[in-house]
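Chain order of the listed sequences is A and B. The numbers in numbering that gives the first Met the number 0 rise by one with no breaks, and the one at position 72 of the first sequence is 71. The numbers in numbering that gives the first Met the number 0 rise by one with no breaks, and the one at position 32 of the second sequence is 31.
Calculated from the model, a selection of chain A residues having no Cβ within reach of chain B, i.e. all distances over 10 Å:
(1) Glu-56
(2) Gly-306
(3) Phe-392
Computed Cβ-Cβ distance ranges for the label pairs, DEER-style:
(4) B:Ala-121 x A:Ile-218: 45 to 53 Å
(5) B:His-154 x A:Glu-548: 32 to 40 Å
(6) A:Lys-1 x B:Lys-187: 27 to 35 Å
(7) B:Lys-188 x A:Glu-169: 36 to 44 Å
(8) B:Ala-121 x A:Ser-535: 39 to 47 Å
(9) A:Glu-520 x B:Lys-174: 21 to 29 Å
(10) A:Gly-293 x B:Asp-127: 54 to 62 Å
(11) A:Lys-323 x B:Lys-187: 26 to 34 Å
(12) A:Glu-520 x B:Glu-1: 48 to 56 Å
Using 30 Å as the maximum straight-line C-alpha spacing, the simulated DSS-like pairs for lysine-lysine come out as follows:
(13) B:Lys-57 x A:Lys-323
(14) A:Lys-550 x B:Lys-118
(15) A:Lys-578 x B:Lys-142
(16) B:Lys-3 x B:Lys-188
(17) B:Lys-120 x B:Lys-187
(18) A:Lys-547 x B:Lys-120
(19) A:Lys-323 x B:Lys-120
(20) A:Lys-518 x A:Lys-538
(21) A:Lys-518 x B:Lys-174
(22) B:Lys-133 x A:Lys-518
Derived from the structure by calculation, the hints contain no laboratory data. Values in this document were obtained by computation on a predicted structure and should not be read as measured data. Every residue gets a Cβ at the ideal spot worked out from N, C-alpha and C, and that includes glycine.
Listed here are the chains, written in short residue letters.
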Amino acid sequence: MKQLMLGNAAVARGLYEAGCCVISSYPGTPSTEITEEAAKYDEIYCEWAPNEKVAMETAFGACLAGKRSFCAMKHVGLNVAADPLFTMSYTGVNAGMVIGVADDPGMHSSQNEQDSRHHAIAAKVPMLEPSDSAEALAFAKLAYELSEEFDTPVLLKTCTRVAHSQSVVETSPRAEAEAKPYEKNIAKYVMMPGNAIRRHPLVEERTRKLQQWAETAPINRIEPGTDHKIGIITSSTSYQYVKEVCGDRFPVLKLGMAWPMPEKLIRDFAASVTTLTVVEELDPIIENYCRSLGLALMGKDVFPLEGEFSQNLVAEKMGLPVHKGTSIDDPIPPRPPVMCAGCPHRGLFYTLSKNKVTVLGDIGCYTLGAVAPLSAMDMTLCMGASISAVHGFNKAQGAEAEGKTVAVIGDSTFMHSGMTGLANIAYNQSNSTVIILDNSITGMTGHQQNPTTGYNIKGDPAGKIDLEALCKAMGFRRVRVVDPYDLKACDAALKEELAAAEPSVIISRRPCALLKYVKHEAPLTVDPVKCVGCRSCMKIGCPAISIKEGKARVDNTLCVGCGVCEQLCPVQAFQSTRKEG
Amino acid sequence: METKNIMIVGVGGQGSLLASKLLGHLLMEQGYDVKVSEVHGMSQRGGSVVTYVRYGDKVHSPVIDRGEADYIVSFELLEAARWLSYLKPDGQIVTSTQQIDPMPVITGAASYPEDLVEKMKAAGAKVDALDCLKLAEEAGSAKAVNIVLMGRLSHYFDLPDQAWQESLEAMVPPKFLELNKRAFELGKKA
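Excised from the complex, chain A in its bound form (with noise of 0.2 Å):
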C-alpha cells in the first residue's frame, strides 16, 4: 500500500516488516518517532532506556540471545554509545542489529552538528545513508541482511531532512526472522586482549569485503546524464538538491552506503567525466575518500562546512541560476524558542537570575534559562556535564564560589548521565549544589517517560525511581523539594542551600505545563487602573506578557494562569479572571 510517511516512521516499518524484535532507545531530535512509531507494533518489544549506551548494549545482548534488534539515538548520543559500538564492530552479531543515528546539520534542535559518519569509519562498521522514507524503510531491511551476513552491527544515518520529512512509501508485510540459537563462544564474545587480538583481523577483513559488497551494491548507482562536463558524487539528502538543480543533465553517483565506499566504481564514475564534484553536507567524507583515491574534484573549497544545504545554495556554488524573492524595508524582529506560558522552569530560573548565581546548565527544554530576560545559565556542554562540571568548578575555585555556583539539569537528563556526576561530589566531596529540575517527563524532545515518571513508553505503569531516596543514598543528607510556582520558597532554599557547609540536592517539582494530564488555572488578568507600569513581571519572560501603551497586559490565548508574575507585582494588579462558586 503506498503512503505518505514520515522517515522516522518508515524506518520504523522498515523494522517491523524486517522481523525486528527488540528495540532499546534514548530520545533526542531528530531521532525519536523511530522507537515511538515502532511502539505502535505489538511485535516489536519497545523501551526508552536511561541513556543511548545502555539502550544499545540492551540491543546487543538481544541480538545476542538471537533475536534481531535496533537502537535509535541523536548525533551526540553516538558518543554516549560510542565504547560498546567500538568492541562490538569486533564481536559481530548473532541475530541482526542495526543501530539508527540521526544527525542535524543546522542544529534545529542540537548542541553541535558533528558528523556522524566519521564514527562508521572510526568503529569500522558500515553505515547506510537514506536519501528519503522510501529508501528509509528500505535501508532498515537491507541493513539487517548486511548485519547477518557479514556479522557487523550496521548503522542507518539519516539527518533531520530525512527523518522530519513526509514522503511516498510501499509497504509489505512482516516478515517473521526465525530466531538464532544462543551458543556460547568465548572467543567471539567476550573481548579480553587475546581473543580482541584475534578478532581485529577479521574486521578489516570484513571492511574489504563489505567493499566489494559496495562495489555491485544496488544503493549505490550510477544515474546518467546527458552533460558529462561535470559529473557529481553525492548522498543522503544532498543527492536530492542535487536532483532538483540538475535533474538529468549530469550523470550522478548516489552513494547509499556512506562506509565503506565503493573505490572502483567512484575511479570509473570519475573517468567517464570531465571534472568532478562532491556534494555533501557537514565534512568531507565523501571528498577525502576521492582524493586518497588521487581524484581532482571541487568539494569543500567551494560548498560549506556548516548547516544544511538546499537547491539554491547547490544551484549558487555550482554557478547554475539561482531563485530570488521579495522582501520588505523593516527589520523583521526575530522569534527564538521561549519557554512556554507556565513553563515550571521559569520561576526557579528567576530566583537563580535574582540572586546572580553562576548556574552551570543541562540539557532539555530548561537550557532556554539562557535567553533573555533571565540569562540564567554560565554553561552547556553535553547531557549530564553540569553535575561534573559544578565540581570542578569548586574544586578549582573553593568555598568563593560553593557559596555562589549550582548544578541544574532535568529529571531525564539526571537519569541520563547525571547519577555519575552526583556520584562524583559524594564521594570526591565538594560543597556543590545540585538543582534537579524534575517536570516528570522528558520535555524538549516531546513528552517520553523516562525513569522517573512510573510509566513506560506505551504510558503503562512502570518501575519508579525515587529521586529523593537515590540522593539520601548516595550521601546527600540535605535534599529537599521545592514548588517552582512559589518564589518565596525558592529563594529561601536556593539560600539556604548555597550557605550549607555540606553538599545539597533541591528537586524543583512540577510537571510541564504541556502535559494533557495537568490542569490549567484560569487565566489572569492586569487591571490598567491598578498598573503601574513598573515592569516588574517583565522580569520572567513569559510569552504571555507584554507592556501595551504603557500597561502590562496578558494573552489570555496563553496564559495558564501560574501565578508568578502575580508574585513579582508590587501593587497586586494581577487578577483572576476565574468565575467564583
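Knowing the structure of chain A, use the given hints to seat chain B on it.
Chain B alone, transformed into the frame defined by chain A:
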C-alpha cells in the same frame, strides 16, 4: 507537472502539523508525488516554525527555498513577512491577521513592524489577510485557526469540495470533525 510549493508558517504550537497532514493527504489522493518537511524539537517552543509541502510528478528536495513558494499560508502576520522572500514573484500569501509579539518585542529590544499587509503588497506580493482567530472561535475553538486557513486556501485550488471534505474526515479525530468542518466553511466563505 512542475513541482508546486506551499509553505505553512507560524509560531510553535499553533497547529501547523495538522494543516500539513491535511494537505499531504489531499495531494496524495490527487495522485501527486508529495513531500512534507516538518519541524520538531526545540524550535517548537514558541519559536518561528515553518513546514514545507511540495507536490508534482516527481518531488526531489523536501524543502522550499527563496523565491520558490507558490503559496505561503501564515498563522501570524510577522511570520508571513519573515518568510516573504521565499514567495515566488507571482505567489500568493494567505494569512491570519493575528499578531503575537516575539520575545525581543516583549522585552522592548525590538518593535513589531506596522502595516505589514500593505508593505507586503507594496513589495509585490498578493496578500489575502483575514482574522482567522475570530472565525476559529466562531467555529467553536481558537485552536481551529489551522483549518480556517485551509478553508481559505481551498479558494486557490482547482479541486472539488468533496476532496477537501474527505481529507478532513481522514485526518481529523471524529470528536473534532464537526468543529473543523465549520472552521473550514467559515474560512472558505470569508
